[in-house]
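In this text, residue positions in the sequence shown follow this note's numbering: the first is 50, and each later residue adds one.
Every clue listed holds true.
In silico lysine-lysine, DSS-like type, Cα no more than 30 Å apart, as pairs:
id : residue 1 : residue 2
1  : K119      : K137
2  : K73       : K91
3  : K121      : K68
4  : K91       : K68
5  : K130      : K65
6  : K69       : K91
7  : K118      : K69
Hints were generated in silico from the structure; no laboratory data involved.
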Amino acid sequence: MPAENLLGDTFWMKPKIVKKRTKKFIRHQSDRYVKIKRTWQKPRGIDNRVRRRFKVQILMPNIGYGSNKKTKHMLPSGFRKFLIHNVKELEELLMCTSLTVLRLLMMFSPRTEKPS
Numbered sequence: 050m051p052a053e054n055l056l057g058d059t060f061w062m063k064p065k066i067v068k069k070r071t072k073k074f075i076r077h078q079s080d081r082y083v084k085i086k087r088t089w090q091k092p093r094g095i096d097n098r099v100r101r102r103f104k105v106q107i108l109m110p111n112i113g114y115g116s117n118k119k120t121k122h123m124l125p126s127g128f129r130k131f132l133i134h135n136v137k138e139l140e141e142l143l144m145c146t147s148l149t150v151l152r153l154l155m156m157f158s159p160r161t162e163k164p165s
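Produce the entire structure from the sequences given, and follow the hints as far as they go.
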């Protein structure tokens, strides 16, 4: 998100990343029974208090907890992570103007990637 100062110079202004919820959503009654894991599973029972959204119950994840579209998958530094599998992907990314952090998935072998 470029911005301009009084002299007309453009500079990069890092957007503020807002996380609406940082706590994990836990499964209903996972604190009560060992056999029920903590990872989220939607409750489907006909009398379930969590599914019916009673007061003072565990919150269910919904679309309102989603991140802003501009800051989604953004690192705290303001960059985005991008996996590089081959030289062609690297060249395509260098032509793009978006700010990304490159992470090489593997070393490119000189046998398969011949200079042209």
